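Model the placement of chain Y on the given structure of chain U, informed by the hints.
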Amino acid sequence: MSEKITAWINERIPFDWGSLKHSLDEPIPRHMHKWWFCLGGTPLYLFMIQMLSGIALTFYYVPHPDKAYESVRYITQEAPFGWWVRGVHRWSGELMVVAVILHMIRVFFTNAYRKPRELNWLVGMLLLVTIFTFGFSGYSLIYNQLSYWATVVGTNITASIPVVGEFAAGFLRGGPVISANTLTRMYVLHVGLLPVAAVALIAFHLFLLRLHGVSDAEGATEENSGEESKRFFPFFPDHLMTELAIGVFLIFLISQLAIIFPVHLGDPANPGITPEHIKPEWYFYPVFRFLKLFSFQTGIISLLVIVSTMFAWPWIDAAIERRFPGRDISIYVGIAASLMMIMLILIEGLSGQVAFVSLIIGVAVFIVSAMFILKGLLKK
Amino acid sequence: MNFQAKQLVVAIISLFFLASLLTVGYIESERLLPEKKAKAVVTQKNLSCMKCHEEKSPAVVAQWKDSRHATLGVGCMDCHEAKKGDPDAWEHEESIVAVIPTPKDCARCHEQQVKEFDASTHARAAKSIGELDSFRGVAAGMSEAIGGCQKCHGNKVKKLKDGRLHPATWPNTGIGRINLDGSKGNCASCHSRHQFSVAQARQPESCAKCHTGIVHPQVESYDDSKHGLIYQMRSGEMNLKSQKWVAGKDYSAAPTCATCHMSATKSLPVTHDVGLRVSRALHPVVSTKHKKSDRKRKNMLSACGACHGPDYVKAFFSQADSVLDSYNSKFAAPAEKIMAALKKEGKITPEPFDDKIEWVFFELWHGEGRNPQKVARNFKFDFLGEAERLSPGISGRFVKSQGAEKQAQQAHERDHTDGESGPVTH
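Residue numbers (the working numbering), protein chains in the order written: chain U, 1 to 380; chain Y, 1 to 426.
Isolated chain U, as found in the complex:
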């Protein structure tokens, strides 16, 4: 019977199923036995959770200024399991940002972006931008005071980008001010354009990964040396099981977070009242604080320079490496950049609280030493 079914399917879908099995036999470098090196799969998991929980939320969400907040309230307070689904969506979104940043740090410090993988770094950077845009547009959909004013600030920042800023902000807002158009646009962005872009970019990211294979971790050469058969282990089932363990742990973690720290509603958006403290989501803190340090235009231009540098880093790094071979300047740049980012997050998050300055310094010292220890370990 099963043969008959197989034959029937094969006739209708003339595909070499064996090749699929073959594709699962991707050799994985031995260092991937370490959990720390499996961060790339984490965002993919989270993305799937986001898709499923997001679809559930769209069943109830209404993208209209008069009804958006009410529909979010309905989801949170009345819809069956709505509070949990919203909590899962929110928390997996937060974890997504953490996972992507950790993945980037791992790729950066193991030099996995170097030739011939520059293009995949570029795709990864585009994914990072996509995820931040996801966060921004999703946050604005809640339409409470904080999200409304975050949208106002966000679109104002966009407007001050030289040359294209006004146009981009006008396009995002659908007019000179935040209106019903803005909400529709954010909604289309969040549930239409960005998911399509993300799926395409993730597919291309994985495609390139498979073409090049997983990079050998620098510094892990000892483990990866020796015969071919010992240097690698198969993707299926060994590595898949590792990923599965991480995946199951993630959904457990997110579910617990949604229970223990449920998502709140806040005050409904009121364009007439500016709240005392406007703050974006924590992952925008570095940008937000950075812009406060300089005059607006200077801040925007230097931010653009930083982001462009991040995009072009594989080539910049190659040029530095040619000039100063073996000096590992990228590691120091990476440490400086990570430190700056963490400092900016802490300063913005704890702004005005003198008691926390010592904490910031303490954390900074800890991170510096951790980075050097990591570097030493990788070198060994």
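Be a bit skeptical, because a hint or two may be false.
Derived contacts from chain Y toward chain U, CB cut-off under 8 angstroms, selection only [to be verified]:
id, residue
1, Ile13
2, Ser14
3, Phe17
4, Ser20
5, Leu22
6, Thr23
7, Glu28
8, Thr43
9, Ser67
10, His69
11, Leu72
12, Gly73
13, Cys210
14, Phe317
15, Ser318
Pulled from the structure, derived: some chain U residues nowhere near chain Y, Cβ distances all over 10 angstroms [as the list claims (entries may be wrong)]:
id, residue
16, Ser19
17, Met241
18, Thr242
19, Val248
20, Met310
21, Ala318
Hint data in this document are derived by calculation from the structure and do not stem from the laboratory. Every value quoted in this text rests on a predicted model; they were computed, and no experiment measured them. Note that CB positions come from ideal geometry on N, CA and C, so glycine has one too.
For chain Y alone, coordinates are given in the frame of chain U:
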């Protein structure tokens, strides 16, 4: 870590995840229990109000915490907030507030409901006593008017120079209250503050605050009717908190005032215009048909339809109409005629309420007239006697002989034994 160990890790974490899902299920089932109340949300702008009023008027805060408003974060300032220069603005603890939130304030969220209410007789209740009962008010003294008619009908709220409300005009919970901002009405008449409960307004006891007593004995009629009796027996099974509350769908125990006059039916939406389903005007001396009475009767038939078949309902209304018509032809119209004749003959002055018979007449139609069981007796003994004293022989033009009196007596007895007075006054 080898493959088996990894499998074990996956299995263990999966169990944890399962436990997490079970927790979610448990929280959800607890949340859905009707007695579990959602948490009150105190927003930033209401924090300082709460802090003080939890001390000074704890019950008000507790009532609010029990309300649906509280779970939605709709708090003090969302309703009481006023702007400088508003007619009802009052400076209170560095905030500008209005003591009385009016339908205008409620309309910020409940626009449709206020619009319907504004078109209803309820909204005109204060205005209507200005036209009708003012003489009685003046004659008895203002305190009677304030403590009597205005308690239900509402009054015109006035303000003192220091911004506080005039003590003769506030407190007042009348349904047609004319507020400082010019709006008419008072939503809290039925949805008592600070809980603003929908369930409360659906109960007949809520309407009974005003629709009672000799001049408007609706609740007495209801209480003695089949509808009222069933309600008394099954009041615990009314599912009053259900969102839509459609008779026959969300509950079937008994109909209340709101069931027939306001709530959604199979074919009609819920309405706050209580007149939309009332076809006859019972308040004039001779009861008349309302404008678009056929349409309104049809609306009411839709409400009756949840429990009764169309033939039953039509026959019921024809019986009720015949009682009204009979009352009109036997008592109301003749009495009106007698009064006109007395005025014409100069037996009474053109000034209203300066002759005793004018009070008798008023009591008859405004009081007893709305309760036909009593009207026959009173018309015969009180009114005709009084008219005869003023103008001997006048009663003979209306009640020509003993035979006619007998007829009146029979009519009285018939009305009396008919039992259900519901259709007439209710």
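Cross-check of the supplied hints:
1. Ile13: holds, 4 angstroms
2. Ser14: Given a least distance of 5 angstroms, the restraint on Ser14/Y holds.
3. Phe17: holds, 4 angstroms
4. Ser20: holds, 4 angstroms
5. Leu22: violated, 10 angstroms
6. Thr23: holds, 6 angstroms
7. Glu28: holds, 6 angstroms
8. Thr43: holds, 5 angstroms
9. Ser67: violated, 14 angstroms
10. His69: violated, 12 angstroms
11. Leu72: Interface hint status for Leu72/Y: holds (6 angstroms vs cutoff 8 angstroms).
12. Gly73: holds, 7 angstroms
13. Cys210: Because about 33 angstroms separates Cys210/Y from the closest Cβ in chain U, which is outside the 8 angstroms limit, the hint is violated.
14. Phe317: Cβ of Phe317/Y sits 40 angstroms from chain U, so the hint is violated.
15. Ser318: violated, 45 angstroms
16. Ser19: Non-interface label stands for Ser19/U: nearest chain Y Cβ at 24 angstroms, farther than 10 angstroms.
17. Met241: Given that some Cβ of chain Y is not farther than 10 angstroms from that of Met241/U, nearest at about 4 angstroms, it is violated.
18. Thr242: For Thr242/U, whose nearest Cβ neighbour in chain Y is about 6 angstroms away, the distance does not exceed 10 angstroms, so it is violated.
19. Val248: The claim breaks: Val248/U does not keep its Cβ more than 10 angstroms from every Cβ of chain Y (closest is about 4 angstroms).
20. Met310: Fine: 34 angstroms to the nearest Cβ keeps Met310/U off the interface.
21. Ala318: holds, 36 angstroms
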